[in-house]
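**Q** Assemble chains Y, S and L with the ligands onto chain B, guided by the hints.
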Amino acid sequence: MAQAAIELIGINKSFGAVRANRDINLEIVRGTIHGIVGENGAGKSTLMSILYGFYQADSGEIRVGGQPASIKSPNDAIALGIGMVHQHFMLVDNFTVLENVILGAESDALLKKSIAKARSELERLEREYGLEVDPDAIIEELPVGLQQRVEILKALYRGAEILILDEPTGVLTPAEADHLFRILKQLKEQGKTIVLITHKLREIMAITDTVSVMRQGTMVATRETRKTTVEELAELMVGRRVLLRVEKGEAEAGGVKLAVKNLTVKDSRGVTMVDDISFDVRAGEIVGIAGVAGNGQSEMLEAISGIRRAVSGSVMLDGKPIDLTGAADPGELRDRGLAHVPEDRHHVGLVLAFEENENSILGYHDDPRYLWGPFLNIDAIRDDARDKITKYDIRPADCRLKTANFSGGNQQKIVLAREMEQDPGVLIVGQPTRGVDVGAIEFIHKRLIAMRDQGKAVLVVSVELDEIRSLSDRILVMFAGRIVGERGPEATEGELGLLMAGVEHREAAE
Amino acid sequence: ADIQPALLYDLGGKFDKSFNEASYNGAEKFKAETGIAYVEFEVSNATQREQALRRFAEDGRNPIAMAGFSWADALEKIAVEFPETKFAIIDMVVDKPNVRSVVYKEQEGSYLVGVMAAMASKTKKVGFIGGMDIPLIRRFGCGYVGGAKAAGATDVIQNMTGDTPAAWNDPAKGGEIAKTQIDQGADVIYAAAGGTGVGVLQAAADAGKLGIGVDSNQNGLQPGKVLTSMVKRVDVAVYNTFMDAKNDKFTGGINDLGLKEGGVDYAMDDNNKALVDDAMKAAVEKAKADIIAGTVKVHDYMSDNSCPY
Amino acid sequence: MSTPYAKLPAWADYGLIPVINLLVAFVVAGFVVLLVGENPFRAAAVLVEGAFGRGQGIAFTLFYATTFIFSGLSVAVAAHCGLFNIGGEGQGYIAGLGIGIVCLAFDSVLPWWLTFPIAIIAAAAMGALWALIPAYLQAKRGSHIVITTIMFNFIAASVMVRALVGYLKPPASMAPQTRTFLEGAQLPKLNWVIELFGAKIRSAPFNISFLLALAMAFLVWVLIWRTRLGYEMRTYGHSSKAARYAGISETRIIIIAMMISGALAGMMALNPTMGDQHNVALEFVSGAGFVGIAVALMGRLHPVGIVLAAILFGMLYQGGAELAFEMPAISRDMIVIIQGLVILFAGALEHMFRPYVQALFASLSPRSVGMEAVKGKGA
Amino acid sequence: MDLFNAVIQVLDSTIRLSVPLLLACLAGLYSERAGIFDIGLEGKMLVGAFAGAAAASVFHSAYLGLGMAILISVAFALVHGFASITHRGNQIVSGVAINFIAAGSTIMLGQAWFQQGGRTPALSSDERFGAIIWPGADALRSVPILGPIYSELISGHSVLVYVAFLAVPFTWWVLFRTRFGLRMRAVGENPAAVDTAGISVAWLRYRALICTGVLTGIAGAYLSMVQNGGFVKDMTAGKGYIALAALIFAKWKPVNAMFACLLFGFLDALSIRLQGTPLPLIGKVPVQLMQALPYILTVILLAGFIGKAIPPRAGGVPYVKER
Ligand SMILES: Nc1ncnc2c1ncn2[C@@H]1O[C@H](COP(=O)(O)OP(=O)(O)OP(=O)(O)O)[C@@H](O)[C@H]1O
Ligand SMILES: Nc1ncnc2c1ncn2[C@@H]1O[C@H](COP(=O)(O)OP(=O)(O)OP(=O)(O)O)[C@@H](O)[C@H]1O
Ligand SMILES: [Mg+2]
Ligand SMILES: [Mg+2]
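Sequence order for the protein chains is B, Y, S and L.
Okay, so the first sequence: first residue is 1 according to the working numbering, each after it adds one.
Okay, so the second sequence: first residue is 1 according to the working numbering, each after it adds one.
Okay, so the third sequence: first residue is 1 according to the working numbering, each after it adds one.
Okay, so the fourth sequence: first residue is 1 according to the working numbering, each after it adds one.
Bound conformation, chain B alone (with noise of 0.2 Å):
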């Protein structure tokens, strides 16, 4: 019987009338990796925050080696070598990643001798576990996996024994998450105790030995991993039957209906982004674009719906050319009958602070449906915000709670509702389900798929290769700023993979 790093017992929390977690039980045994499934809003984040002392538990006990251990802050949990990789980093994005690995950690009350040491220590660290990271790079500018790896260091440089990560591969490429993968084995390997939360049961089943799946704040199961399967899991999650693989018929694409001609973006640096791209998406077909984050495609997303001025190109809607070098405004391209999910639904696609209803008209507060003149026409707007609600399952089915309290899955659906409702001819999606749960995102990709059986033209950009490949009717595969290859649905993980690394586009250029 090997023996528990940790066991959480009767743990209680709640956030005002939420409660996040009730009487939960779990024990996680060392040298395991452990892993931890749920719905958006199952309580995950919360539990693993108690247990890192970020929160604290309203009841419960927690016990480390056996040791009943009080955790009062994240200074505790780091002394008894629990480290953890947040879902939204804590990371210091003006900061350099020595900077940020030190913070808190500094060995010295000068920053040159902990820096000195850190850096050292970074490099055992990276020949380690290969975790290579520019150490003076600053952060906002680097991908969001290198940012990951960063976290992961931050974990591993207080010398942690017990590493939770929540959902770590939610932002990564398939490649990305198979370093990562590996990096965890390896720590599994030098006896370390993994927590890993996911909204992906394909890696619980690739790397976890025991999975615990939460529900609304309970820990409705914990299994021996191979003794299950993705379907069991699913359902012990959502509480039904989940398909998780979309079936679709034969996409008859129609005539064009957006042309991408001769894109090139550069970002806030001058640093090329998007290098001369054209493609088009015709009528009744789905598109997908693969490729490693960070080549381009967010800058690409955010030039062709018109926040983000290009250097040159043009965008065709139904015929008609947009410019995108001028002052082209997303309204106008809206007005042309382009929607956009935009990757970033915190920021971007939502005003966290908004009413559910007011978020659910943002981009067309100037229809005249919502207007009665100058004046927002509140009836209206509310009305169309609970058939959307009902049509999509938003919940809380409460269009006047404010949009933060959703959950992420949540949150997105009120954003696609948003943009396919207004019925356009084009519907451009930045990672339709980051961060989203299996039961969203088998209602989102439903969506996607009726919308092109509807005739529309969807661009869906997204870093997970499942999602692209059983949703697109045909895949175009961006790196380095470049469209390196288009495939048919059946292309296989591995061709995908490899021009996603930018191999074939090498041996090309020779």
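Heads up, some of the hints might be wrong.
To be verified - Straight-line alpha carbon distances no greater than 20 Å define the calculated PhoX-like cross-link-like pairs of lysine-lysine that follow:
#	chain 1	residue 1	chain 2	residue 2
1	L	251	S	140
2	Y	281	Y	122
3	S	140	L	308
4	L	321	B	72
5	S	189	B	266
6	Y	77	S	189
To be verified - Taking beta-carbon pairs under 10 Å as the criterion, some of the chain B residues facing chain L (in silico):
#	residue
7	53
8	74
9	154
To be verified - Sample of chain L residues lacking proximity to chain S, with all beta carbon distances greater than 12 Å (derived):
#	residue
10	15
11	121
12	153
The set of hints was computed from the structure by calculation and includes no laboratory data.
We put the CB at the ideal spot given by N, CA and C, even for glycine.
**A** Okay, now just chains Y, S and L with the ligands, sitting in the frame of chain B:
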């Protein structure tokens, strides 16, 4: 029965190192001598003027003295509403039978200290520093320039401290302006700037130069470093108002107080004895006599918003 | 602005807690009163009685409140668009110029009800203009609105001195102010309204600009929560990225918001000039613009809250004056301290007692505490 | 040569005028870098000035005065902290409140203690910080160019002036070279990161505010014990707000802060110097224009040369762990 005198201060507040403070001193003197208490009020915005006046009048306060020209509008009204009450206003004329308007010829007093400044100056350059830039202060400046030029000053450097009420309470800036004027060659500086003046006198003293005080006798602020002060006897006006009322000698009408009436003057005491030699004394006394006699007319800036000197 | 704690029933949130805070503020102020050897209870009585006791007091309280409503609204409108307009003082001051010119020009020819609208426009226009430049610089050049508005306060002061002393002042008059306006530019008083309730008012400056203020409060509410423009302002105020996504022009929204804010600050000048003094004098704003910041934030940027906060400050001004009359030992400066304490406890420390109140409510009935239990369900 | 002297003199007064701004500006830098807006610099300077002058005149010691100035000003800073850190109050409201309380209490206590109209007794030279003459300053004065620069600009200021300018590199060092500085900057950018790193956000911010209090205390002492020999009511005369502007102007960086304050000081000195004297080409300009000049030029410079200023990201928002 004893009278129930009341005193009203202007926005600058009781302790403005200027006429408010002077009127306060006058009232205190009266209180000390007669043992009759008085009530007082500092307005903190224009609206309170009429309110305060009426309030005191209704409470049967009598006489009611107030410092500052801004009281005029309110008094115009109240004086009519309360014909029995005796009022006194400083620095402005309100033509009502029951109002005693006390105005000063600041230009005359300033002229005298100008003369002294010019004579005490080795560089023949002297300075003037005003507080907030309002006509009243320019009247001080103009008289001063007149006196200084008349006594052979080649140049009078003039500065105003600012355009907000903060200009009355910025000794730091006042001191800096003084230093600048000293750099420009001034060695005697006259400050008509309320609390800011404190900084001017300080800076002059620190630099071993001479300052000139204003309103009340400020020779003592920097003993031996303040050449003299242009005293404007607001304290006396308040004191007399109360006294006359007490002895039923109160009379309405305009008191236009210049050198002749002793309303303005230059201050001599132990603090500045050593600084004023006989020649100076003689010259000042002569100028004073001339002005009183009317042979010298000191221009009043506010009569035409300009200064001929 | 969402409070950092779970919600309470509205009446407790907007009624009970502020009252508790106020009481504490007065208790602390009471100690200061004690310090100067006066009876704090009597002081409190005098203050409240002086502000609300007699019709006279009420009239003055509302008169002051009028100005603060305008300045508070001004700050709030900008704040909803994520802008901190600290320049209300200058915008209000410079508006005096417009008012002065209009009144001097028309008071002899037009009746007040014609002069007033013109003056309103002039005041609003001048205020808006004074806010326009900082707004433009913020939008186009990224010059921080806080600096520019502070600077424009000082510049306004110089302009006004120049204008009043140089041009508007009647020659050979001592005071740096315009001549007294004639009937045609004097706003009718509202005292009779209070007298309807049997109160007797000898004389008080309470005038119809109060109604204008209330109207503006309502319009601001409509603007912020019921118009497309307000929606765009709030969107930008919360997240400039989201605004860009929604196709809202940054330049346009900043400039419009600031001009509205400036216009409101400008209207603040009507009350003291046409409503009370019947002239435009140096420094007639006397700090009301800055008080507006406290008023707006204590009113939680909501017009209703602002009106209430403005009345609170009106009470402190009027009651404070009474206090100074009644209690010789209590000086003008004491009252400033008391105002400070109220701002501190009723404003900055508004959350101090919230947890206890919540605990109390929770113990009474768990249901009553805030966010419905439904939320927690996931997608 | 005459012009050269004029320049030296203007620069000299530039230094004196910028010192209080610089101290206040650096003070603001500490608190705002830690994510706490501080519109209460004005008030803290004022109480500092009062406490300093009062203590100095009572104990006849400049240094005791300085100590008291710092003590009281820190106390007020802690009140700001109590409201805005411990109780998550609105930082601007709290700042405004502090300015009110400071303005009222200094006059009230001043009158109660000294009966000189809210003024403290005039300080004697040993109760103030006098000028420090550097070795050979007088000897070198006659040397052309360098002489005046050394003896006027460098030498002959009070110790607090040197303190102020040394505070600039010191602050830079603290901010970018020490653990405290690192954490302080972090808490101003992303308190959650600091919190999860196991550091107390509140305590960190309190310490930053203490630094603020110390500096505003010194700033106040400079006003009442160096530039002037005693306290005069409201003697800060809006310098706190100008310092705030300077801080933004400087984009929250210590060295920039120094230049920003020197700029403000210079513009001020210039407007003083030029008042009344006719300018070449333009001729005689109205006094009011001269008064407004520094502010107008500031706006022009801001718009013309200084780009967008991005404040510390967490600035002004109270840190709330559980929503
Ligand atoms: N800081 C907070 N303040 C208030 N309520 C919170 C807070 N964090 C979480 N909650 C509530 O607690 C519940 C559980 O949140 P938690 O973040 O643990 O869910 P989760 O399982 O991590 O969801 P996800 O999969 O989206 O990360 C949510 O429904 C949310 O309403
Ligand atoms: N401001 C907030 N107040 C209350 N609860 C919140 C708030 N923000 C988030 N939550 C809750 O915390 C839980 C997790 O929030 P989070 O933002 O992590 O959503 P999410 O599903 O994880 O989305 P994402 O993974 O994209 O971040 C959600 O269930 C949400 O209800
Ligand atoms: Mg989570
Ligand atoms: Mg999530």
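**Q** It remains to establish, for every hint, whether it holds in the given structure.
**A** Comparing the hints with the structure gives:
1. Between residue 251 of chain L and residue 140 of chain S the alpha-carbon distance is near 18 Å, which keeps this suggested pair within the 20 Å criterion.
2. Between residue 281 of chain Y and residue 122 of chain Y, the direct Cα distance comes to roughly 17 Å. Compliance with the 20 Å bound is thereby established for this hinted pair.
3. With a C-alpha separation of about 10 Å, the suggested pairing of residue 140 of chain S with residue 308 of chain L holds against the 20 Å cut-off.
4. For the suggested pair residue 321 of chain L and residue 72 of chain B, the alpha carbons sit about 14 Å apart, so the restraint of at most 20 Å is met.
5. For the proposed pair residue 189 of chain S and residue 266 of chain B, the alpha carbon gap of about 63 Å is over 20 Å, so the pair is violated.
6. A distance of roughly 17 Å separates the Cα atoms of residue 77 of chain Y and residue 189 of chain S; the hinted pair therefore holds under the 20 Å criterion.
7. Given hint, residue 53 of chain B at the interface with chain L, holds; its Cβ is 8 Å from that chain's nearest Cβ, closer than 10 Å.
8. Taking 10 Å as the C-beta cut-off, the interface hint given for residue 74 of chain B holds, the closest approach to chain L being about 4 Å.
9. With its C-beta approaching chain L no nearer than about 8 Å, residue 154 of chain B sits inside the 10 Å limit, and its interface hint holds.
10. Every CB of chain S lies more than 12 Å from the CB of residue 15 of chain L, the least distance being 22 Å, so the non-interface label holds.
11. For residue 121 of chain L, the condition that its CB be more than 12 Å from all CB atoms of chain S holds, with the nearest at approximately 19 Å.
12. Its beta-carbon lying about 28 Å from the closest one in chain S, residue 153 of chain L satisfies the requirement of being farther than 12 Å from that chain.
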